[in-house]
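Engineer: Chains as they are written, first to last, in the numbering used here: chain A, 19 to 465; chain B, 19 to 465.
Just to be clear, a hint being listed does not mean it is correct.
Pairs involving identical chains hold if they fit within one copy or between any two copies, as the list cannot separate such chains.
To be verified - Restricting the straight-line Cα-Cα distance to at most 20 Å, the calculated cross-link-like pairs of lysine to aspartate or glutamate (EDC-like) are: (1) Lys-362 / Glu-173; (2) Lys-209 / Glu-224; (3) Lys-238 / Glu-192; (4) Lys-38 / Glu-192; (5) Lys-209 / Glu-70; (6) Lys-388 / Glu-284; (7) Lys-193 / Glu-252; (8) Lys-38 / Glu-442; (9) Lys-29 / Asp-89; (10) Lys-24 / Asp-89; (11) Lys-458 / Asp-348; (12) Lys-75 / Glu-21; (13) Lys-38 / Glu-173; (14) Lys-29 / Glu-247; (15) Lys-217 / Glu-284; (16) Lys-29 / Glu-70; (17) Lys-29 / Glu-88; (18) Lys-212 / Glu-47; (19) Lys-217 / Glu-361; (20) Lys-24 / Glu-70; (21) Lys-407 / Glu-261; (22) Lys-362 / Asp-198; (23) Lys-38 / Asp-348.
Just so you know, the hints here were simulated from the structure itself, not pulled from any lab data. Fair warning: this is a prediction, and the values are worked out from it, not measured in the lab.
Single-letter residue listing:
There are 2 protein chains.
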Amino acid sequence: MSERIKPRTLKGFRDYPPEKMIPREWIIETARRVYRSYGFSPIDTPALEHLEILTGKGSDETDKQLYRFEDHGGRPVGMRFDLTVPLARFVAQHIQTLGTPFKRYQIANVWRGENTQRGRYREFMQCDFDTIGTTSLSSDIEMVLVIHDLLTALEVGEFTIHINHRGVLNGLLEKLGLADKTVNILRTLDKLAKIGEEKVLRELTETIGATTNQADQLLKLSSLDGSNEGMLAEAEKLVTGTEAGEHGVSQLRELINSVAATLPSEAISRIQFAPSICRGLDYYTGIVLETTLNDLPGIGSVASGGRYDNLANLYTSQQLPGVGASLGLDRLLAALEELGRLEKVQTTAEVFIPFFDSERRNDYLQIAAKLRAAGIGVEFFPDAKKLGKQLQYANRRGFRIALILGGDEFAAAECQVKDLAVGESHTVALADDAQALIAKIRNILQP
Amino acid sequence: MSERIKPRTLKGFRDYPPEKMIPREWIIETARRVYRSYGFSPIDTPALEHLEILTGKGSDETDKQLYRFEDHGGRPVGMRFDLTVPLARFVAQHIQTLGTPFKRYQIANVWRGENTQRGRYREFMQCDFDTIGTTSLSSDIEMVLVIHDLLTALEVGEFTIHINHRGVLNGLLEKLGLADKTVNILRTLDKLAKIGEEKVLRELTETIGATTNQADQLLKLSSLDGSNEGMLAEAEKLVTGTEAGEHGVSQLRELINSVAATLPSEAISRIQFAPSICRGLDYYTGIVLETTLNDLPGIGSVASGGRYDNLANLYTSQQLPGVGASLGLDRLLAALEELGRLEKVQTTAEVFIPFFDSERRNDYLQIAAKLRAAGIGVEFFPDAKKLGKQLQYANRRGFRIALILGGDEFAAAECQVKDLAVGESHTVALADDAQALIAKIRNILQP
Numbered sequence: 019m020s021e022r023i024k025p026r027t028l029k030g031f032r033d034y035p036p037e038k039m040i041p042r043e044w045i046i047e048t049a050r051r052v053y054r055s056y057g058f059s060p061i062d063t064p065a066l067e068h069l070e071i072l073t074g075k076g077s078d079e080t081d082k083q084l085y086r087f088e089d090h091g092g093r094p095v096g097m098r099f100d101l102t103v104p105l106a107r108f109v110a111q112h113i114q115t116l117g118t119p120f121k122r123y124q125i126a127n128v129w130r131g132e133n134t135q136r137g138r139y140r141e142f143m144q145c146d147f148d149t150i151g152t153t154s155l156s157s158d159i160e161m162v163l164v165i166h167d168l169l170t171a172l173e174v175g176e177f178t179i180h181i182n183h184r185g186v187l188n189g190l191l192e193k194l195g196l197a198d199k200t201v202n203i204l205r206t207l208d209k210l211a212k213i214g215e216e217k218v219l220r221e222l223t224e225t226i227g228a229t230t231n232q233a234d235q236l237l238k239l240s241s242l243d244g245s246n247e248g249m250l251a252e253a254e255k256l257v258t259g260t261e262a263g264e265h266g267v268s269q270l271r272e273l274i275n276s277v278a279a280t281l282p283s284e285a286i287s288r289i290q291f292a293p294s295i296c297r298g299l300d301y302y303t304g305i306v307l308e309t310t311l312n313d314l315p316g317i318g319s320v321a322s323g324g325r326y327d328n329l330a331n332l333y334t335s336q337q338l339p340g341v342g343a344s345l346g347l348d349r350l351l352a353a354l355e356e357l358g359r360l361e362k363v364q365t366t367a368e369v370f371i372p373f374f375d376s377e378r379r380n381d382y383l384q385i386a387a388k389l390r391a392a393g394i395g396v397e398f399f400p401d402a403k404k405l406g407k408q409l410q411y412a413n414r415r416g417f418r419i420a421l422i423l424g425g426d427e428f429a430a431a432e433c434q435v436k437d438l439a440v441g442e443s444h445t446v447a448l449a450d451d452a453q454a455l456i457a458k459i460r461n462i463l464q465p
Numbered sequence: 019m020s021e022r023i024k025p026r027t028l029k030g031f032r033d034y035p036p037e038k039m040i041p042r043e044w045i046i047e048t049a050r051r052v053y054r055s056y057g058f059s060p061i062d063t064p065a066l067e068h069l070e071i072l073t074g075k076g077s078d079e080t081d082k083q084l085y086r087f088e089d090h091g092g093r094p095v096g097m098r099f100d101l102t103v104p105l106a107r108f109v110a111q112h113i114q115t116l117g118t119p120f121k122r123y124q125i126a127n128v129w130r131g132e133n134t135q136r137g138r139y140r141e142f143m144q145c146d147f148d149t150i151g152t153t154s155l156s157s158d159i160e161m162v163l164v165i166h167d168l169l170t171a172l173e174v175g176e177f178t179i180h181i182n183h184r185g186v187l188n189g190l191l192e193k194l195g196l197a198d199k200t201v202n203i204l205r206t207l208d209k210l211a212k213i214g215e216e217k218v219l220r221e222l223t224e225t226i227g228a229t230t231n232q233a234d235q236l237l238k239l240s241s242l243d244g245s246n247e248g249m250l251a252e253a254e255k256l257v258t259g260t261e262a263g264e265h266g267v268s269q270l271r272e273l274i275n276s277v278a279a280t281l282p283s284e285a286i287s288r289i290q291f292a293p294s295i296c297r298g299l300d301y302y303t304g305i306v307l308e309t310t311l312n313d314l315p316g317i318g319s320v321a322s323g324g325r326y327d328n329l330a331n332l333y334t335s336q337q338l339p340g341v342g343a344s345l346g347l348d349r350l351l352a353a354l355e356e357l358g359r360l361e362k363v364q365t366t367a368e369v370f371i372p373f374f375d376s377e378r379r380n381d382y383l384q385i386a387a388k389l390r391a392a393g394i395g396v397e398f399f400p401d402a403k404k405l406g407k408q409l410q411y412a413n414r415r416g417f418r419i420a421l422i423l424g425g426d427e428f429a430a431a432e433c434q435v436k437d438l439a440v441g442e443s444h445t446v447a448l449a450d451d452a453q454a455l456i457a458k459i460r461n462i463l464q465p
């Protein structure tokens, strides 16, 4: 080659080598398994959409960040920036054949030309599930149960699902005669944790023009504390007489009651009424939720979602209410790493077979095949290098077990099963059916 | 909404609704499981690469089909058109930390602005596995075993893995003094099945300028028939005296011998020496293979690959030999559909619970949770509609079992387990631990 090209990834994009991809696949697999266990079915949509499908759907920012170009037919196209807009387009296009309720999950990459200085990536994976076409609270309840099952399966430690209903704050705003200032007030209240009560109070009164009494009531609702029952009773008092507020409190009460009746008793403390949570201004209309890890509250919500009245009004006249949430895959991975809960391995197989006796390739291949038939993953080293080098490779990759089979072992019809984690070796008889070997390996893997 | 946007996908792109996506996920899962059982590890690379990484790597056609544009920083970028070029870039960039042998799989979408009139799609999934950094025949053998395990697991019926070695034909060309005409001769021989012996013979002599004797020998090699041993002996005679040819025959013999020693005896007829297979001119240098389905030979190869000397010479001076293959996901799906081997379902859960008694939501939720904890997928219908409507939904979606639990059943602590496939109902006692119910459901699912 005269001129070599420097191998490099684009700014804002990442390669995933095995040690990053193995835990990523594990989270995706776990999400799929949990979503499926509730009857959510997979769908996929194209990476590219007609530009008009994508523009003006998120914010000005997502419009600006959109990767857009003309395809070979001169059509303006864009790369999807989330999975919600494609879902709306998909459902509007196919709802007649899909039928309702339609429960789907989609796990796929999205692209945004983000400012990388904020630590953001330009390609990242979303992991969404939604139930479309029903207003039943059962689907809201199920959203909470799915998130609970998922985070439990991922062993992230203790977590809290913070739940609110948009009706509660709307009811209070209506009661206070502040409904026309909803957007600004929500934005201000959203800063409560960051800037504190005093500054929020000042902004509400001085900038937005609420009276001190109005601001006090708004802050009172946002700052409620205590048991779910106690907080809901307080919230009910604040919004009483408004349809939105009373409906919101009653839905929250029913949801929390059903979740508590379904989950094991130790899980109930994970469900928290959180009257300060809003999650976006335009999209959600009912239950909203965020999920934080108790050991790492600073990383923000790892699973968020809520109920909306109308998914696809930009594409169809059919009203499609729904409820759904999204798993924060990258945040969860970062959290599991920070919590030391990720094993650092580069291999997907448990057992390593060194190529020790170069005359015996077929024997090694046969043993490996028998173990695989028993569901045990096996890597057989391709080159008959020195055993020490091969075991170095096995240790670096993170194999759990090595099977030492040299001339002596073959002669004695034996095998050394080396537990690489604890450094112990066990001698096992080698029979045609490999049953003793399989039993010993299983015993090491799942003692 | 004043103006609605027509919901539609771009020309050449497809949505995957559940009934298409469920078998797709099943194939992907099976491929992952088999790849992993041999110690292949997952990697991923970005959808977008610097344009210079992608151009000039495939053919003029792939250059023309490339989706290319400028990113927000004005960088020329392209969407990957295969997984081999990104693998080469990835390995060149990371080989120092990865170490060799490096065994990876990657299952991801690629994009090509293809002419859709040829029935091609512009977004499709590739499903590749490779072993990089070793010349050991063990890795070639393993490639054959992986393909065998994969197609067996997918239950595609009988199949044939056609195997050749580039050295065999190269040896003969060298022996005949035709090495400088290799490209044109390979192109002509490749048409053998399509245009027949006579026309190939004429093209070899009249257009390419081979003597009749040379053409006869080329055709003789390409048309060999019979047992693997017999064909290899014939091929050996034809190439004897050339290093490339003798090496090729000996590698094929050893590979077929090892595969036969490892696979069950009924599998040996699936492995065929096929001296006419070339697979591309520049890339592969050793073993090459293609796989056809015996019941559907017309759809072409469903798994293809081979050995190459140098994966990444465009990006690094380090010589990286390797061997790998790619699963034809879309072809396999089409084949399974044509063979009637795909169940048409739209649900991922086995069990459907109608919302029959609207006062009993928490009871339904609790039963569903117990079944899920036992590994049984359950969908609980959100709305307390008429039972008939709910069962229609369950049948349309393809659930296997419905649990009928109305007021009478709750009063009697019983449940009707309805096998929707055969239309039978079984009455099962409802106890707190749900063990009888779980046992009956398992019994229906796996009799």
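Engineer: Hint by hint, note whether the structure agrees.
Structural biologist: Taking the hints in turn, this is what the structure says about them:
Only within a single protomer do Lys-362 and Glu-173 lie at most 20 Å apart by alpha-carbon distance; the minimum there is 16 Å, versus 35 Å between protomers. In this assembly of identical chains, the alpha carbons of Lys-209 and Glu-224 lie at most 20 Å apart only when taken from the same copy (16 Å versus 83 Å across copies). Taking CA atoms no more than 20 Å apart as the test, Lys-238 paired with Glu-192 passes inside one copy only; the shortest distance there is 16 Å, against 89 Å between copies. For the identical chains of this complex, Lys-38 and Glu-192 are neighbours neither inside a copy (49 Å) nor across copies (47 Å), given an alpha-carbon limit of 20 Å.
Taking the shortest Cα distances, Lys-209 and Glu-70 never come within 20 Å of each other, neither inside one copy (34 Å) nor across copies (45 Å). In the homo-oligomer, the alpha carbons of Lys-388 and Glu-284 lie at most 20 Å apart only across protomers (16 Å), although the nearest pairing inside one protomer, at 43 Å, exceeds that limit. Taking the shortest alpha-carbon separations for Lys-193 and Glu-252, only the intra-copy value of 15 Å comes in at or below 20 Å, while the best inter-copy value is 94 Å. For a Cα distance limit of 20 Å, the shortest separation of Lys-38 from Glu-442 qualifies neither inside one copy, at 29 Å, nor across copies, at 48 Å.
For a Cα distance limit of 20 Å, the shortest separation of Lys-29 from Asp-89 across copies, 10 Å, qualifies, whereas the shortest one inside one copy, 23 Å, does not. With identical chains, the CA atoms of Lys-24 and Asp-89 are at most 20 Å apart between copies only, with a shortest distance of 19 Å across copies and 28 Å within one. Taking the shortest alpha-carbon separations for Lys-458 and Asp-348, neither the intra-copy value of 37 Å nor the inter-copy value of 40 Å comes in at or below 20 Å. In the homo-oligomer, the alpha carbons of Lys-75 and Glu-21 lie at most 20 Å apart only across protomers (14 Å), although the nearest pairing inside one protomer, at 45 Å, exceeds that limit.
With identical chains, the CA atoms of Lys-38 and Glu-173 are at most 20 Å apart within one copy only, with a shortest distance of 18 Å there and 32 Å across copies. For the identical chains of this complex, Lys-29 and Glu-247 are neighbours neither inside a copy (50 Å) nor across copies (54 Å), given an alpha-carbon limit of 20 Å. When the C-alpha separation of Lys-217 and Glu-284 is checked against a cutoff of 20 Å, the pair qualifies neither within a copy, at 37 Å, nor between copies, at 78 Å. In the homo-oligomer, the alpha carbons of Lys-29 and Glu-70 lie at most 20 Å apart only across protomers (14 Å), although the nearest pairing inside one protomer, at 27 Å, exceeds that limit.
For a Cα distance limit of 20 Å, the shortest separation of Lys-29 from Glu-88 across copies, 13 Å, qualifies, whereas the shortest one inside one copy, 22 Å, does not. With identical chains, the CA atoms of Lys-212 and Glu-47 are never at most 20 Å apart, being 35 Å at best within one copy and 44 Å at best between copies. In the homo-oligomer, the alpha carbons of Lys-217 and Glu-361 never lie at most 20 Å apart, since the shortest distance is 44 Å inside one protomer and 61 Å across protomers. Within a single copy, Lys-24 and Glu-70 get their C-alpha atoms only as close as 37 Å, which misses the 20 Å cut-off; across copies the closest is 9 Å, which meets it.
For a Cα distance limit of 20 Å, the shortest separation of Lys-407 from Glu-261 qualifies neither inside one copy, at 73 Å, nor across copies, at 32 Å. For the identical chains of this complex, Lys-362 and Asp-198 are neighbours neither inside a copy (53 Å) nor across copies (51 Å), given an alpha-carbon limit of 20 Å. Taking the shortest alpha-carbon separations for Lys-38 and Asp-348, only the intra-copy value of 11 Å comes in at or below 20 Å, while the best inter-copy value is 28 Å.
The structure fails hints 4, 5, 8, 11, 14, 15, 18, 19, 21 and 22 (numbered hints given earlier, in ascending order).
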